[in-house]
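Asker: Those protein sequences? They're chains A and B, same order as listed.
Residues 1 to 143 (this note's numbering) make up the first sequence, in order.
Residues 144 to 277 (this note's numbering) make up the second sequence, in order.
Wrong hints could be hidden among the right ones.
[Unchecked claim] Here are the simulated SDA-like cross-link-like pairs (lysine to any residue), alpha carbons at most 25 Å apart as the crow flies:
#1 B:Lys265 with B:Val148
#2 B:Lys265 with A:Leu133
#3 A:Lys102 with B:Val245
#4 A:Lys71 with B:Thr225
#5 B:Lys265 with B:Val245
#6 B:Lys265 with A:His77
#7 A:Lys24 with A:Val8
#8 A:Lys24 with B:Thr225
#9 A:Lys102 with A:Lys24
The hints are simulated quantities; they were obtained by calculation from the structure and are not laboratory data.
Bear in mind the structure is a predicted one, so any value in this text is a computation, not a measurement.
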Amino acid sequence: MPITDAHVGRTYPATAPYPVTAGKIAEFADALGDDSPAYRGPDAVAPPTFAIVVALAAWDGLFADPELDIKLSRLIHGDQRFDYARPLRAGDEVVSTLSIDKVRARGNSAFITVSASVDTTAGEHVCTSTSTLVHTWPEEASA
Amino acid sequence: MSVEVGLELPSLELTFTRTDLVRYAGASGDFNPIHHSDHAARAIGLDGVLAHGMLTMGRALRVVTDWAGDPAKVVSYGVRFTRPVPVPDDGVGTVVTVNGRVTRVSDGVATVSIEALCDGAKVLGSATAEVRVD
């Protein structure tokens, strides 16, 4: 299997700065069917799970890593956790930095735990997204 | 506010339609086709389109944020995606019922255990949010 526990600790470069806008927050809240006023207007906070939008951009580091042979279409999201120092807000500009925390192989699948630290471009920590991704390689490639 | 262990939060009944999935795909940037295309879902052995786990996770948290009154009070939130939510293109959609119960209160932070049920089965495992209640 291309990914092993030798890759634990690998960290990818921070994503390009992502501007959190009031319009994007409202669009995301609409998609959750949540009409809370907290998510509207120029001083909106983002719904807590909005952080996944920023974390997803960091996952691209995995897909782009030729050593790992990981494809989005072969991934299942096993679990997800967010720890917040504060909410994301309209006007924040944030980057996300991905690390591989744990790798556990089972058959032709790997359980890969990654964490994405979301921080402002000024260096303030906002939240951490921790995900277990289950990747399955085709049978013929697992021999 | 005064919060005691055992408090049951008001339940939510959420309906997921195919349009909801398309809207979430656009808003989140997760365009995995198993969340909008039956053709793509069947190609990997599924019976049909499934809701994004993150959509179920995101919508279920409202049981906590509506009760707490301010989403900025959420300190942590974690779930396991134990079972998918199938969303057929039938014009009706799929209903998920969400319940929340306070299981711990410590240092001004309440721990809420969240249960999300679809057709009587749990679709989220170990779903827990911590929220400031002081």
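Asker: Would you mind marking each hint as holding or not holding in the structure?
Answerer: Hint check results:
{"no.": "1", "hint": "B:Lys265 with B:Val148", "verdict": "22 Å, holds"}
{"no.": "2", "hint": "B:Lys265 with A:Leu133", "verdict": "20 Å, holds"}
{"no.": "3", "hint": "A:Lys102 with B:Val245", "verdict": "31 Å, violated"}
{"no.": "4", "hint": "A:Lys71 with B:Thr225", "verdict": "21 Å, holds"}
{"no.": "5", "hint": "B:Lys265 with B:Val245", "verdict": "18 Å, holds"}
{"no.": "6", "hint": "B:Lys265 with A:His77", "verdict": "16 Å, holds"}
{"no.": "7", "hint": "A:Lys24 with A:Val8", "verdict": "34 Å, violated"}
{"no.": "8", "hint": "A:Lys24 with B:Thr225", "verdict": "29 Å, violated"}
{"no.": "9", "hint": "A:Lys102 with A:Lys24", "verdict": "32 Å, violated"}
Taken one by one, the earlier hints fail for this structure at numbers 3, 7, 8 and 9, listed in ascending order.
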